[in-house]
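Student: What follows is the residue order along each chain.
There are 2 protein chains.
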Amino acid sequence: MIKPSIPKGTRDFGPAVVKKRQYIFQTIRETFELFGFQPLETPAMENLSTLTGKYGEEGDKLIFKILDNGEILGRAQQAKDSRELATLICEKALRYDLTIPFARYVVMNQHELALPFKRYQMQPVWRADRPQKGRYREFYQCDADVVGSNSLLNEVELLMIYDRVFTKLGMQGYEVRVNNRKILSGLAEKIGKPELLMDITIAIDKLDKIGEAGVNEELLNRGLSQQDVDIINNFLRIEGNNTEKLQQLQTLLQGSTVAQKGIEELSFVLNSGLGRFQEAPIVDVTLARGLNYYTGMIVEAKAPAAVKMGSIGGGGRYDDLTGLFGLPGLSGVGISFGVDRIYDVLEELQLFPSTAQQGTKVLFLNLGEQALPVAFNHVMQLRDKGIAAEVFHEQAKMDKQMKYADKRGIPYVVIIGESELQENMLSIKNLQTGEQQKIAAGELLGFAF
Amino acid sequence: MIKPSIPKGTRDFGPAVVKKRQYIFQTIRETFELFGFQPLETPAMENLSTLTGKYGEEGDKLIFKILDNGEILGRAQQAKDSRELATLICEKALRYDLTIPFARYVVMNQHELALPFKRYQMQPVWRADRPQKGRYREFYQCDADVVGSNSLLNEVELLMIYDRVFTKLGMQGYEVRVNNRKILSGLAEKIGKPELLMDITIAIDKLDKIGEAGVNEELLNRGLSQQDVDIINNFLRIEGNNTEKLQQLQTLLQGSTVAQKGIEELSFVLNSGLGRFQEAPIVDVTLARGLNYYTGMIVEAKAPAAVKMGSIGGGGRYDDLTGLFGLPGLSGVGISFGVDRIYDVLEELQLFPSTAQQGTKVLFLNLGEQALPVAFNHVMQLRDKGIAAEVFHEQAKMDKQMKYADKRGIPYVVIIGESELQENMLSIKNLQTGEQQKIAAGELLGFAF
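Just so you know, the protein sequences line up as chains A and B, in that order.
Each residue of the first sequence is one higher than the one before, starting from 2 at the first, in our numbering.
Each residue of the second sequence is one higher than the one before, starting from 2 at the first, in our numbering.
Watch out, some of these pointers could steer you wrong.
In this list, chains with the same sequence are indistinguishable; a pair is considered to hold if it fits within one copy or across any two.
[To be verified] Derived pair list, reagent style EDC-like, types lysine to aspartate or glutamate, alpha-carbon separation capped at 20 angstroms:
1) K408 / E34
2) K81 / D69
3) K408 / E113
4) K408 / E139
5) K62 / E72
6) K20 / E31
7) K439 / E213
8) K21 / E176
9) K303 / D400
10) K62 / E92
11) K194 / E424
12) K21 / E113
13) K362 / E213
14) K21 / E31
15) K210 / D69
Read the hints as simulated data drawn from the structure, not as lab findings.
Can you make the complete structure from the sequences, with help from the hints?
Tutor: Right, dumping it as C-alpha cells:
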C-alpha cells in the first residue's frame with residue numbers, strides 16, 4: 002500500500018483553515034455586492050483554444066491540459082514533439098486566470114448583458130508553476146471588473162472597495178498605490194522612444210527587487226541612452242504628497258499629451274471628492290505592473306509594512322479585452338485580491354475574529370439512556386437558535402468525551418448527570434476558564450454562550 | 002476568429018443563477034454547521050493513483066486525466082494502447098467524487114484528527130460522462146459524513162439534516178426513504194444464496210425503471226430460481242406504515258441474524274424518539290442504492306412527487322472506507338445533496354425567496370456634476386446600512402439609465418434632478434409598481450426599500 006499524498010503545489014484545507022478563508026471570501030463578497038457587482042462562475046475547464054496564446058509563451062507552458070478520453074493512441078503517434086503531442090490529444094485545459102474566461106463569457110452573452118457589466122468572480126485557477134513558498138499550482142483568484150464603461154467613477158469605486166475590505170478586515174497600515182499607464186507612456190514619449198514603453202515598464206517594475214542601479218543597467222541593456230536613463234531617474238525620484246507628485250509630473254512631462262491625460266485621470270480619481278477613504282490612495286510613479294494590457298489607472302494594494310508580505314492585490318484599466326474574442330471596443334477596469342497573502346497577513350497579525358475560528362460551540366456529554374433524549378432535545382433548541390451544538394456520539398467515560406471537546410476546540414460542555422436529571426438542571430462547563438455552573442434546564446436558551 | 006464556446010457538459014453560471022445556487026449552498030452549509038459538521042476542501046487534482054481502481058472499471062474510464070507538463074513525447078512513444086498511454090503521460094487527475102478524497106485526507110491526517118470526524122464538503126467534481134439533460138461533466142457534490150463512529154445517533158442526525166434542509170427550502174412533500182443493507186443481506190441469506198447479494202441488490206435497484214417483471218427476469222438471469230424470486234417478490238411487496246413494514250420484515254426474514262440486526266438498526270433510527278421530523282422518514286424495502294460499499298442504513302431523498310424529479314440526495318453507512326488507503330476499521334456514514342436537481346425543483350415550484358434573486362437594490366441616476374457628489378454620498382450611506390446600491394456610471398439620457406435599471410432588475414431608482422437638489426429632496430421610483438415619491442434627503446435611510 003502506497004502512503005497517500007496529494008500533488009505537489011496543491012493543498013488540503015482542513016476545517017480551521019476553511020473557516021478563516023470563508024471569512025475572507027465573505028468579507029470581500031459582501032463588499033463587491035454592496036457596490037453592485039454581480040457574481041459569475043465559469044467552468045474549471047475551458048477549450049484549450051480559448052486559453053492558448055493569451056498569456057504569452059511562458060504562460061502557454063504553464064497551462065494544465067486535460068487528456069481527451071477514449072482512443073488517443075493514433076493521434077499521439079503523429080506528434081513530432083511534446084508540444085504538438087499535447088495539442089493532438091488535449092482539447093480542454095484548466096482555467097489559468099479569471100480574466101480570459103470573463104472576456105469569453107461577455108462575448109458569448111453580449112446580447113443579453115446590460116452594459117456596463119460589473120462582475121465579480123472567486124474561483125480557483127491552476128498553473129504548472131514550480132511550487133515554492135507561497136506559490137501554489139492551485140489557488141483562488143478573487144476579481145471584480147467593470148466592462149463596457151470608460152467612466153473614471155469605476156476607478157474611484159474600485160479603490161473604495163479596496164479601502165472598505167481592508168478596513169473591514171482590520172488590516173491597519175495597508176497601502177493602496179496608484180499610477181497611470183498613460184504617464185509611463187508619456188515618459189517614453191518624452192524621451193522620444195515610445196516604442197520602448199514595454200521595456201521601460203518592465204524595467205521599472207523590477208525597482209523593488211533590483212534597486213535603481215539594477216533598473217538603470219537593465220534600461221541601458223534594453224537600448225536606452227544614458228540621457229534617457231537620467232530622465233527616467235528624475236521621474237522615479239519624484240516625491241512628496243499626492244498633489245506635489247502630480248505637480249512635478251506635470252512639469253517633467255510637459256509637452257506630452259498622453260502624459261497630461263494620465264495626470265488628469267489620476268487627479269480626478271484622487272481629487273474629485275467622490276471617493277471617501279480610511280487610507281487615501283498614494284500616487285506611486287514607480288508602480289508599473291507587468292501585464293502589458295493595462296492602458297489607464299494601475300493600482301496595487303500592499304500589506305501593512307510590519308508583515309513584509311508585499312502585494313496583496315492589484316489591477317487597472319485595460320482596453321479591448323474582449324477584442325481577443327471578436328468584440329472590440331469595450332474598455333474594462335478591475336481589481337483583484339490575493340487571498341492567500343491576505344490570509345497570511347491576518348494570521349500573522351492575529352486579526353481573525355473568534356467567530357471565524359469556531360465550529361461547534363456546545364457539546365452535550367452522552368451520559369446514559371435517560372439523559373440522552375434530554376440532551377437531544379436541548380441540542381435541537383440551541384440549533385434552532387442558530388448555535389452549533391452536538392451530542393457526543395456514544396456513551397463513554399467522561400474523560401474521553403471531555404478530551405474530544407478539547408481537541409475539537411469546542412468551548413462549552415453540558416453535563417446532564419443523575420443529579421442534574423433529578424433536579425431538571427444542566428451543568429455547563431467553560432473549557433477555556435475551567436469554570437462550571439449549574440442552571441435550570443429552562444434557562445439554557447438564555448445562557449450567554 | 003472562432004466563435005468562443007465552452008466544453009460540452011460544462012456550464013457558465015451567470016449572476017441570477019449563482020445567487021440562487023448560493024442560497025441553496027448556504028442553507029445546507031448552515032445546517033451542516035449547526036449539527037457540528039466541519040468544512041473540508043481538497044484539491045481539484047489528485048494523484049491519478051489515488052483515484053484509479055476506486056470507482057469500478059467504468060468509473061476509471063470516466064476520470065479526467067491531466068497531462069504532465071514538460072517532455073512527454075519519449076514516454077508517449079512506449080505506449081501500446083490508449084489506456085497505457087494515459088498512465089505514461091498523466092500523473093494527476095481531476096476529483097471524481099468527494100468520498101475518496103475525504104478518505105485520503107483522513108488517512109493522511111489520522112494523528113491530528115479528533116474522531117469521530119464529522120466533515121462536510123461542497124466542491125465540484127468532474128466526470129467524462131456523455132453529457133445529456135441533467136447530466137454534466139462538471140457538477141457540485143455536497144456531502145456530510147461522519148467517520149470513526151458506529152453509533153446510530155449519526156444516522157438519526159443525518160436524517161434530521163435532510164429534514165431540516167428540505168423544510169428550510171420550503172420543499173413541501175419531499176420524502177426521505179430508508180432501508181438497511183443488512184436486511185438485503187438477510188434476504189440473500191434467507192434464500193440460501195448470500196453470494197448473490199450484489200446481484201439481488203443491483204436487480205432491485207432497477208425496480209423503479211424496469212418494474213417487477215423486469216426485476217424478476219433479471220434475477221432469473223443472474224442465477225436465482227423461481228422459488229427465490231417468489232420470496233423476493235413477497236419481500237418487495239411489503240406494505241403499510243413503518244411499524245407494519247418492520248413487523249412483516251421480522252416475520253419474513255426470521256432466522257437470519259443479519260436481517261434481525263438490520264431491522265433492529267432501522268427500528269432504532271426511526272423509533273428511538275430522538276429524531277424529530279417534519280416529514281417522518283419512510284421505510285422502503287425496495288430501496289437498494291447501487292454502490293456496493295454500503296453496509297448498514299441506506300437512504301434516499303426524493304423531490305415532491307409533483308415535479309417528477311426523483312432522487313435529490315442519498316447516502317448510507319459503509320465500513321472500512323479508509324482501508325483503501327491503509328487505515329482499516331473505521332466505519333462511516335454520510336449523506337449527499339443533489340444541488341442541480343434541488344435547483345430545478347425550487348425553480349419549478351417557484352420556491353426561491355426574493356432575497357436569493359436580487360442583486361443591486363437601488364440605482365442613483367447620474368444627472369449632472371452637481372448631483373453626482375450628493376448621489377455618491379447617499380449611495381455610501383445605503384451601503385453602510387447593508388443595502389446594495391450604485392450610481393449610474395455616466396451622465397446619459399434618463400431613459401437610457403432607466404433601461405439599465407430595468408435590464409439589471411434593480412427595483413428602485415433614485416432621481417436627484419435640479420428641483421430635488423434645490424429642495425434637498427430625493428425622488429424614489431419603484432420600477433415594479435411605477436410609483437414615484439419624493440422624500441427629504443435625510444429620510445433616505447429610513448425608507449423601506
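Student: Run every hint past the structure and note whether it holds.
Tutor: Cross-check of the supplied hints:
For a Cα distance limit of 20 angstroms, the shortest separation of K408 from E34 across copies, 17 angstroms, qualifies, whereas the shortest one inside one copy, 37 angstroms, does not. Both within a single protomer and between protomers do K81 and D69 lie at most 20 angstroms apart by alpha-carbon distance, with minima of 19 angstroms and 17 angstroms respectively. In this homomeric assembly, K408 and E113 come within 20 angstroms of each other (Cα to Cα) only across copies, at 9 angstroms, whereas the closest approach inside a single copy is 52 angstroms. Neither within a single protomer nor between protomers do K408 and E139 lie at most 20 angstroms apart by alpha-carbon distance, with minima of 29 angstroms and 36 angstroms respectively.
With identical chains, the CA atoms of K62 and E72 are at most 20 angstroms apart between copies only, with a shortest distance of 11 angstroms across copies and 25 angstroms within one. With identical chains, the CA atoms of K20 and E31 are at most 20 angstroms apart both within one copy (16 angstroms) and between copies (12 angstroms). Proximity of K439 to E213 under the C-alpha cut-off of 20 angstroms is found in neither arrangement, the shortest distances being 69 angstroms within a copy and 59 angstroms between copies. In this assembly of identical chains, the alpha carbons of K21 and E176 never lie at most 20 angstroms apart, being 23 angstroms within a copy and 35 angstroms across copies at closest.
In this homomeric assembly, K303 and D400 never come within 20 angstroms of each other (Cα to Cα): the closest approach is 48 angstroms inside a single copy and 41 angstroms across copies. Taking identical chains as interchangeable, the C-alpha atoms of K62 and E92 lie at most 20 angstroms apart whether they share a chain (15 angstroms) or sit on different chains (17 angstroms). Taking the shortest Cα distances, K194 and E424 never come within 20 angstroms of each other, neither inside one copy (89 angstroms) nor across copies (55 angstroms). Taking the shortest Cα distances, K21 and E113 sit within 20 angstroms of each other only across copies (19 angstroms), while inside one copy they are farther apart (37 angstroms).
Taking identical chains as interchangeable, the C-alpha atoms of K362 and E213 are never at most 20 angstroms apart, the minima being 54 angstroms within one chain and 50 angstroms between chains. When the C-alpha separation of K21 and E31 is checked against a cutoff of 20 angstroms, the pair qualifies both within a copy, at 16 angstroms, and between copies, at 16 angstroms. Taking the shortest alpha-carbon separations for K210 and D69, neither the intra-copy value of 42 angstroms nor the inter-copy value of 32 angstroms comes in at or below 20 angstroms.
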